[in-house]
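Q: This is what each chain is made of:
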Amino acid sequence: MSTPNETLEEILDLAARHFDVSRDTLAPDDDFFAKLRIDSLKALELLSRLEGHFGVELPDWEMQGVTDFRTLSERIHARR
Amino acid sequence: MLEYRGDTLSWSVEDHVVRVELHRAPANEIGSEMLDDLERLAGALPALEERARALVLYSSLPAGFCAGADLRELWRRGETLPASERVAGVREFLERIHAVLNRLDDSSLTTIAALHGMVFGGGFELALACDVLVADKLARFCFPELRLGLIPGFGGIPRLERDVGNAVVRDLLLTGRSLNAKRAHEVGLVSQLVGEGQALPAALATAAQTTKFDAGTATAAKRFAKPVPYERLAEEIDVFCELLARPAVEEGLRRFVNSADPLPYLP
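So the protein lines, in turn, are chains A and B. Residues 4 to 83 (this note's numbering) make up the first sequence, in order. Residues 19 to 285 (this note's numbering) make up the second sequence, in order.
Keep in mind the hints are simulated off the structure, nothing from the lab. Keep in mind that the hints are not guaranteed to be accurate.
Unchecked claim - So, partial list: chain B residues that the calculated Cβ filter (under 10 Å) puts toward chain A:
(1) 78
(2) 82
(3) 135
(4) 162
(5) 194
(6) 200
(7) 265
A virtual CB, placed ideally from N, CA and C, is assigned to each residue, including glycine.
Chain A extracted, bound-state conformation:
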């Protein structure tokens, strides 16, 4: 079982890899919409990738209002 910090690091790695941005430019409290330059459609794609990677399901209402990597990681960690 990963720690919350390991989950966060995995999310940042995955986001950098799939949205073609340098991992060094991503920080836990960044707004991922702004930092990854994604719209709500791409955010849905990110959600699918994260669910696949971590083997979890995140109901849509748990994602409402979530914009930073840290909160995203907390929600995923709670479902693991």
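Using the hints provided, position chain B relative to the given structure of chain A.
A: Relative to chain A, chain B alone:
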């Protein structure tokens, strides 16, 4: 008409397989133009069924298969009308789309939906009219209608009831949540789960396989295994129209259509 190139969809026949491509940006929303083209497809099915054995339905747009009904267009068409006339206009639209989907559902062709990205609302209902669903791992399935105070209106509930257990139907309808492709595969909605970008090649390979079997036997097997639930489909239109007439729905739709978000149906 064995080949057609429209503004919202196109089709052609190759190796006894009809390829139907949806291409109305941004996300194949089903409005009056798409409905006209879908009716052309339904009208062409008798000729296509003479020439082909399978049909593959897919989207060439990156956003996904289909985001569902073009609620903005439907709303604007009825905005200035009294409530009763607005409901009558929506009922007419629903009866037309039901006729198309019922014809597709009942086609003698083996119909395969190749799915990626958004498979939402009416897009999900379009896919459910097909015999076999092939999805890439990033496809997402959702019935967001309850968020607007409505139920799915393009035949989604009766077809979902036909295909999966009632607990899955309730989960999708009553929570409005989106399911990822893996989960959709696990619950039996999706027949084949494939890698990113592989839904169309997998669907075409499946279609090629189906052309090897006796056409009459395949049609008999399909009609026995997948009866069209006409009675429940007609009931769904009635319930949808009853709900549509309520002020709460009108307000929900008004908020939806006035949203600045280009893809407001997303969670």
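Q: Against each hint, give a clear statement of whether it holds in the structure.
A: Here's how the hints hold up against the structure:
Given the 10 Å rule on beta carbons, the hint for residue 78 of chain B is violated: about 16 Å separates it from the nearest Cβ of chain A. This hint holds: residue 82 of chain B has a C-beta 8 Å from the nearest C-beta of chain A, less than the 10 Å allowed. Because the smallest distance between the Cβ of residue 135 of chain B and any Cβ of chain A comes to about 7 Å, under 10 Å, the interface hint for this residue holds. Taking 10 Å as the C-beta contact cut-off toward chain A, the hint placing residue 162 of chain B at the interface holds, the least distance being around 9 Å.
Here the hint on residue 194 of chain B is kept, as its CB sits about 7 Å from the closest CB of chain A, short of 10 Å. Taken as an interface hint, residue 200 of chain B checks out: its beta carbon lies about 7 Å from the nearest beta carbon of chain A, inside 10 Å. With a least beta-carbon distance of about 25 Å to chain A, the hint placing residue 265 of chain B at the interface is violated under the 10 Å criterion.
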